[in-house]
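Participant: Generate the whole structure from the sequences, applying the supplied hints.
There are 2 protein chains.
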Amino acid sequence: MNLPLKYNADGLIPAIVQDADSGRVLMMAWMNETSLRSTLEKGLMHYWSRSRQKYWLKGETSGHTQRVIRFHVDCDADTLLFEVEQTGGACHTGHQSCFFQEVDRDGKLLEISETPVFNAGETYASKN
Amino acid sequence: MNLPLKYNADGLIPAIVQDADSGRVLMMAWMNETSLRSTLEKGLMHYWSRSRQKYWLKGETSGHTQRVIRFHVDCDADTLLFEVEQTGGACHTGHQSCFFQEVDRDGKLLEISETPVFNAGETYASKN
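Heads up: the protein sequence lines correspond to chains U and A, in order.
The opening residue of the first sequence carries number 43 in the numbering used here; numbering runs sequentially from there.
The opening residue of the second sequence carries number 43 in the numbering used here; numbering runs sequentially from there.
Worth flagging that the hints you see were computed from the coordinates, not collected in a lab.
By construction, the Cβ of each residue, glycine as well, lies at the ideal position given by its N, Cα and C atoms.
It is possible that some hints are incorrect.
[What the hints assert, rightly or not] Short, incomplete list of chain A residues facing chain U, as computed with Cβ under 7 angstroms: (1) 114; (2) 121; (3) 140; (4) 144.
Facilitator: Right, here's the structure in full:
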């Protein structure tokens, strides 16, 4: 891989993930060089979890994998964009997208009208 | 503004910007609390430039402003998503989106087929 990417001081780069069909932005997470290499080799999104300090194959626990359809890098080479085919939902809350909360102009959260696409309690509890 | 956002150690939070009509992801930049407040008050995207260490009204030089249509916060409250109406193009290269470069599975940049939507040389040179 010869991409001249700019990783931050922790060796990480942000990856924006978008549904390839609908265009909906699903989540943003961080990658290091190894998780990017795994993502490209296997065609499935892999991240670096800053809170758990470990590699993370998205869907490893939930089954909700993200298959890579297209991969873009930005003009500064410091942000990645992946278009994916999402199985189930991207969010650990059960929602399709992590951005299910809308905010108004006064900075107040609007009432959440969208229903989850899977039962997060069942999905994660049974696997721990 | 009562949003309990999680800013990083530098007091910044990433903002993903998406075209409200087409769904295309245009760019990602960083905000601090003041630039977020300006964004909401004025309805135009304001950022914090890490390289220049200053506030930045997107379009101040180029005229290519971004009008806020919708604003979302993610499940962890550490990433923002704005749907905007983009005047001209978002990228300083003249492209509509900063993610105009596609990468293949081997990590090689594909040939750029997309043409810029404005002349970056003229747009920025005349204003400096």
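Participant: Hint by hint, note whether the structure agrees.
Facilitator: Each hint tested on the structure:
Using the Cβ-Cβ criterion of 7 angstroms, the hint placing residue 114 of chain A at the interface with chain U is satisfied: the shortest such distance is roughly 4 angstroms. Contact between residue 121 of chain A and chain U, as hinted, is supported at the beta carbon level, the nearest pair being about 5 angstroms apart and thus within 7 angstroms. Given hint, residue 140 of chain A at the interface with chain U, holds; its Cβ is 4 angstroms from that chain's nearest Cβ, closer than 7 angstroms. This hint holds: residue 144 of chain A has a C-beta 5 angstroms from the nearest C-beta of chain U, less than the 7 angstroms allowed.
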